[in-house]
Every structure is written in C-alpha cells, then in structure tokens.
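S.K.: With chain A held as given, fit chain B onto it using these hints.
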Amino acid sequence: MKKRFRLKHALVLCKRNLIKVTRTPEQLIDVTLQPIIFLVLFLYVFGGAISHGSQHDYLQFLLPGLIGQTIAMSSISIGQNMNADIGNGIFDRFRALPIARWVPLVGAVLADFFRYLLLCVILVGFGYALGFRITTNPLMLLAALGLAICFALAFAWVSLWVGMTVRTAGAVQGVMFLLIFPLSFGSNAFVQTSTMPGWLQAFVKVNPLSHLVSAVRALLLGGPVAGQIGWTFVWIAGLLVVFFPLALRGYIRRT
Amino acid sequence: MTELAIEATGLTKSFGDTKALVGVDLAARRGSVLAVLGPNGAGKTTAVRILATLLRADAGTARVNGFDVRKQPDKVRESIGLTGQFASVDEDLTGVQNLVMIGQLLDLPKRAARRRADELLAWFDLSEAGHKVAKNYSGGMRRRLDLAASLVGRPQVIFLDEPTTGLDPAKREDMWDVVRSLVSDGSTVLLTTQYLEEADALADEITVIDHGRVIAHDTPYGLKRVLGGQRLTVRPADPARRGDLRDLLQAISGDTPEDDGRGTVTVRVDGDAVLPDVVARLLAAGIAVEEFSLHLPSLDEVFFTLTGTRTRDSDQEALV
Chain A
1 MKKRFRLKHA LVLCKRNLIK VTRTPEQLID VTLQPIIFLV LFLYVFGGAI SHGSQHDYLQ
61 FLLPGLIGQT IAMSSISIGQ NMNADIGNGI FDRFRALPIA RWVPLVGAVL ADFFRYLLLC
121 VILVGFGYAL GFRITTNPLM LLAALGLAIC FALAFAWVSL WVGMTVRTAG AVQGVMFLLI
181 FPLSFGSNAF VQTSTMPGWL QAFVKVNPLS HLVSAVRALL LGGPVAGQIG WTFVWIAGLL
241 VVFFPLALRG YIRRT
Chain B
1 MTELAIEATG LTKSFGDTKA LVGVDLAARR GSVLAVLGPN GAGKTTAVRI LATLLRADAG
61 TARVNGFDVR KQPDKVRESI GLTGQFASVD EDLTGVQNLV MIGQLLDLPK RAARRRADEL
121 LAWFDLSEAG HKVAKNYSGG MRRRLDLAAS LVGRPQVIFL DEPTTGLDPA KREDMWDVVR
181 SLVSDGSTVL LTTQYLEEAD ALADEITVID HGRVIAHDTP YGLKRVLGGQ RLTVRPADPA
241 RRGDLRDLLQ AISGDTPEDD GRGTVTVRVD GDAVLPDVVA RLLAAGIAVE EFSLHLPSLD
301 EVFFTLTGTR TRDSDQEALV
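Quick mapping for you: the protein sequence lines, in order, are chains A and B. 178 is the number that this note's numbering gives to position 178 of the first sequence; each next residue is one higher, with no gaps. 266 is the number that this note's numbering gives to position 266 of the second sequence; each next residue is one higher, with no gaps.
One chain only, chain A, in its complex shape (with noise of 0.2 angstroms):
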C-alpha cells in the first residue's frame, strides 16, 4: 500500500524551506542582487554596442531576455541545497514517516516558487526605474511572469535532477553552469538570433530558453504570442516528463 500523495504535506515542508531562507537571507542573492548586476552591466557595456547607441531600445529587448536568463540561473540553488540538505537526518526522519516519498522535493519546489516570483518583481521593478515600458498591458505582464515562473518551477527539476546525482554541492553549480550558460547566451536574450552564423541560429531556434524569452518578449512588447508561449509548454511538458521522474529516482537512491 502505497501512501498517497496529499498537498497539506508538501505546504508543511514548503514552510519548511521558507524558514530555512530566513534564518540565511544571504541564499536571496542570487534572485535580488544578481538580476540587478547582470541588468546594469549588460545595459551599459554591451548596451551601446549592441544598439548603436541607443540604451532604451536594448533595454527594452533586453529585460525580457534576462528574465529568462536570470530565472534559469536562480534554479541552481534548489539543486544546491537539496543536495547538502539531504545529507541532514532530518531525511530519515521523513522517510520514516507514513508521508509520501517524494513530498521533500515538491516542498522544495513550492519554496522556490517565491524566489522566483521576488526575482521577477526585482527585475521588472528594477527594469521600470531605468526607463523599461511595457506597451502591452498589466494583464500581459502577469501573463509573461506567470508564463518565466512555470518554466522556472519545471527546470528545477533538470536541478534537483544533478543536486541528486552529483556529489556535492559545488559540483551541482558546476554542472548547472555547463547547461545554463550555452543556453542561455545560445538563445535570443541578448541579441537578435539574425545576427549569428547559422549553425548557431538552428541551436538557437529550438533552445527552450529561446522560446520563453520570445513568449515574454512578446507579452511585455506586443507581436504574435500564441506560437512562443505554446512551445514554451512544450518545453515545460517535456523538463517535466523527463525530470520529475529522474530526480525522483535519484532522491530515493539517494536516500
């Protein structure tokens, strides 16, 4: 007899979590303080570059891209920490209880979710004070922000997936990294896709990261959305099929 899965138990330890961030706020920098560097430094070092000359029009192409990017980025500390966390006890003691296998992971997952969203209203907000406009409408920003969290909540898993494969800490940024730097400097974050040699612009083209930013491009800015935000959650569908599962062979394995 299998103990069925039940919500109440992933909130508790979601709780869990959100406390654990509490006691070390320094865990927040990656989703306050780190937006905000990559935001002023790509703006205004390769800003001018990029846009001949014109800051507000990259800045406007840009917030989207570091959305994406930065909410990528921000999925490695789950990895992280479940990995240095799973070596406490306390797992045992979870596993010895009549709770489902696999609530200390979703409990993570739902922790992050508000990482994630106090990423997104840094950035934005961040983004409002340097002169970035929506020409869409609040409707269509929630839509965009809504849309990058889902995706983060589902590539957390690509990093609870290594954090429990790999053996320590350090080496899940390390493996984090060698995935998210090509996909995210390999997309159309920074630069329009037209602008690079066409092998890279096939990788480009299918790059998930691509089409989240494409999809938030176009709901902040405006253009056809439907395409984008559909292989989006494609994308999303696909991390998840693959991921949950993987992560969750490895949490059991693992313990």
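Wrong hints could be hidden among the right ones.
Among the chain A residues that face chain B by a calculated CB cut under 8 angstroms, a handful are [to be verified]:
| id | residue |
| --- | --- |
| 1 | V12 |
| 2 | K20 |
| 3 | I90 |
| 4 | R93 |
| 5 | A96 |
| 6 | L97 |
I should point out that these hints are in silico values taken from the structure, not numbers from a laboratory. Backbone N, C-alpha and C fix where the C-beta goes; we use that ideal spot for every residue, glycine too.
M.R.: Frame of chain A, contents of chain B only:
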C-alpha cells in the same frame, strides 16, 4: 494482532562487499524493551534502519506492529518512532517549529500539533528553549528534541539507536527514565547500545550481535549468568603486592584473576555477597587498596566471553 511487536527473521544486508547483516533474528514482545548490544560496525544501525523501512533487506522478513516492512511500509511508518544515532532535527527550525512540522506531517490539525509540541517540550524540559533555533541547542538538548520528535505521533514501537552515546552520566539516567516511562505507557522499545550496563538497566531481553550475526539472546539475568556475574576490580596501593592479591582473589572466586598490566587485578564474582569476605581478607593480609569496584563486564569482556575474541575496536587500539 500478534503477540510480538517486532519480529525479524534471517535479515541479510550487504553494502558492496561488506556484509552488514548475515541472517539476524530479532523479536520483541509487545510492551517490552529489547536491547541490541554490539560494538561499532556490528550491524545494529543497519538492522534498525531495515525495521524502520529506511533500508531494504537483501533477504529475510520483518514485521513491526504486525505489518510487513516491505509490503506495508506506510502501516509500519504509522506505528513507529525513530531516534537515530545522530540527532535528526532541523537545525534551522526552533524546537516548536520542528515538532509542529512533524505533527502536521502526521496529519494532526495545526492546533493539535501545537498542543502536542508544547506537551513534549515540557516533558523533555525544553519549554524555555522552545522558541530558540535548534542550531543553538547543546548536544543533550538536541538529543532530547530528537527523541521528542519521534514521539509526536504516540508511536507503538520506538527505535532508539544508541540513544545515550555521547551523553554524560546524569543525562544518561534521564534518558533511561524516559525509556521506562514509554514502556509503562505500553510502547515497545528497541534500543541499540554498546553498554551492557545500559542493556541490563532497561531491557527485558538482550540480543548480542557481532559481525552481522546474533551471538547471544537472553534475558539480562540469563546473559549475566553466562558471563559469570559481575567483576571485582582491585588496585593495590603497593604494586608489589599484586601477586598476593591475585592469590587472595582466586581463593574467593575460584576463577583465575586477570592482571591488566596497569596495576589492577580483576576477577569474576557472583555478586556483592562476597564483598565483606574480600575486605576482611584484604585487611588480614595487610594489603592496602587504592581502587575497589564491583561492576558488570564491559562490552569487551562480554565479547571475549562469548566469542573468545576481543571486539574489533580493541583490535584497532592494539594495532595503534
């Protein structure tokens, strides 16, 4: 319901080439204390982890509270509390937060979970520290919180894996009192320990394991009889009198005393009835003593008696 709360037959478990358990049988009657006695690496923790559904045995069967650990793990988990060798509490949470979390995971409503947490904190003398983060607890407090966490669901079967290792003697006595009161409330306790004294103080039955095998199973009384009762250790003030002392002790015990080479002589005695006689003879022989103690055999002596070999730990010490 069966009469046995814990019942394991032929438990076998290997980790790679290491054979942790080689066919271990364990049994504890409902409402009793079973002590599993053995040195480090004997397989005690592995056995507990299998019974608590944290590990799967390679072979053998086990039932806890009447439920098969392999086929009905969730029924088993509803029945047990587990306190590991290393305190398994969340260090970033306060005592209250830890216990309320466990209560809610056990499907207690929030208020009931809170009430149970307060109850347990009071029982374990942690009420004042309840709102402090567990990271700042002392080792003893953490151990108590860990035990409290395993009792939130009023489990019928409680596993205590070396509950007193590393505790000072006063804290150890406190822990013993807790175990006794759990049993008087009707729980069944399986505790692992490295101390014969602890097993003797608490257990109804003792299973001795070594190298993943059961080498003895008996009541404390029966086991002590096999081991030849207690040990009397005497240290003469004048080391030159050790020869006389050995003769004197042999005359009383009938057994050959052991000289530890560090100035003390130890011999088996049946109990404290011999003490007046020993003291009288020491006086008559004019042997002044610096140390005079009656105690249960150490784990090392237990193993020497049962297996004819010293425990692995002392082997290692000998190598060092």
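S.K.: Next step is simple, just say for each hint if it's right about the structure.
M.R.: Status of each hint after checking the structure:
1. Using the Cβ-Cβ criterion of 8 angstroms, the hint placing A/V12 at the interface with chain B is satisfied: the shortest such distance is roughly 5 angstroms.
2. The criterion of a C-beta within 8 angstroms of any C-beta in chain B is met by A/K20, whose closest approach is roughly 4 angstroms, and the hint holds.
3. Interface hint status for A/I90: upheld, as the beta-carbon distance to the closest one in chain B is roughly 5 angstroms, under 8 angstroms.
4. Checking A/R93 against chain B: minimum C-beta separation of about 5 angstroms stays under 8 angstroms; hint holds.
5. Taking 8 angstroms as the C-beta cut-off, the interface hint given for A/A96 holds, the closest approach to chain B being about 5 angstroms.
6. At about 5 angstroms, the closest approach between the beta carbon of A/L97 and any beta carbon in chain B falls short of 8 angstroms, and the interface hint on this residue holds.
Hint check: no violations occur; every hint is consistent with the structure.
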